[in-house]
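Asker: Sequence:
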Amino acid sequence: MLQENNKKLVVIAGAIVLVIIALLAVLLVFASLFPGPGFGNEVGVIPIKGTISLEKDSCSQSMDALAVVEKIDEASKDPTVKVIFLDIDSGGGSIVATKQIVNKVRNTDKPVVAYIGEVGASGAYYVAAASDYIIADADSITGSIGVIWVSLDVNKLLDDFGIKPIVMKKGTYKDIGSMYREMTDDEKKLLQTMIDDSFTQFRGDVYEFRKDKGLELSKLDSVADGRIISGRQAFQLKLVDELSSREAAIKKAAQIGGIKGEPVVKSYENKAISLADLFFTSGQSFAKGFSSSLGNEASVSSIRT
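Residue numbers (the working numbering): 3 to 307.
It cannot be assumed that every hint is accurate.
To be verified - In silico PhoX-like cross-links for lysine-lysine, where the CA-CA straight-line distance does not exceed 20 Å: (1) Lys268 x Lys79; (2) Lys221 x Lys240; (3) Lys240 x Lys213.
Unchecked claim - Taking CB as the label site, the calculated pair distances span: (4) Leu56 x Ser78: 17 to 25 Å; (5) Gly206 x Asp111: 19 to 27 Å; (6) Lys112 x Lys190: 40 to 48 Å.
If you are wondering where the hints come from, they were derived from the structure by calculation, not from laboratory data.
On a predicted model such as this, the values are computed, not experimentally measured, just so you know.
All residues carry an ideal CB built from backbone N, CA and C; glycine is no exception.
Let's have the full structure, built from the sequences with the hints guiding it.
Answerer: The structure is reproduced here in structure tokens:
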């Protein structure tokens, strides 16, 4: 008798589970047909703030490009998000880190709208150019289409203090960019070739991304010399598509995403930094700086947009 009752309970429990699954399926179908808050009318807002780098340093104004890539992936896979909104306030950063975001934006199925607030220059503009539609504040700072390498030469300073570095190497250019000596003409030519190559890629991609939006190559070349320009000037040159406020930009993004009615903003903010995280990353940054001073000093330089 007890076994028979247990069997009945199992059958009843199974039936309840099937009913719940059926109700969820109906609910999902209903949500797709009649989108409401949280069911298909969301704008996924992804912030791109500070210097673009491959590693986020909590002690500086940098952002983790790979984390942004993950958030774009997350928003792309979220069925409630219809359009991705890149909220940009950055002056650029590492060209390698920047291209991680650029490549992800170009290979995302959902429409991507970029908004340039205070600053969207250099690598940050590169990211914006990869999107489907760019909106900027009229008085924002953008442009700065160029590439730079920065290194230090402290040789004379070390001489003043009687410090003489000893460098042992195998390979003529192994210590290229070393801060302990003056750079040779051959080294400058070699680095300039790399910089020129990166710039050609940057400029070519911007033109490729924007030529269907009316950007003329001659107009691009007139400002592709590292200069900054206002959002208003960028609009005149067809480097951006529209000038408006952030609120209006979100509504425009919703329209591009096919959202009807008032859009719901879904923020993909970075997680808050705890006190323990702050102490850990501070110690990590100190250790990294100390260890780099004992290693290859040329590694402190990099090609940046």
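Asker: Hint by hint, say whether it matches the structure.
Answerer: For each hint, the structure was consulted:
1. Lys268 x Lys79: holds (13 Å)
2. Lys221 x Lys240: Roughly 9 Å between the alpha carbons, so the hint for Lys221 and Lys240 holds.
3. Lys240 x Lys213: Distance ~9 Å between Lys240 and Lys213 Cα, so the pair holds.
4. Leu56 x Ser78: 17 to 25 Å: 21 Å Cβ-Cβ, so the 17 to 25 Å window holds.
5. Gly206 x Asp111: 19 to 27 Å: With Cβ atoms ~24 Å apart, the hint holds.
6. Lys112 x Lys190: 40 to 48 Å: At 44 Å between Cβs, range holds.
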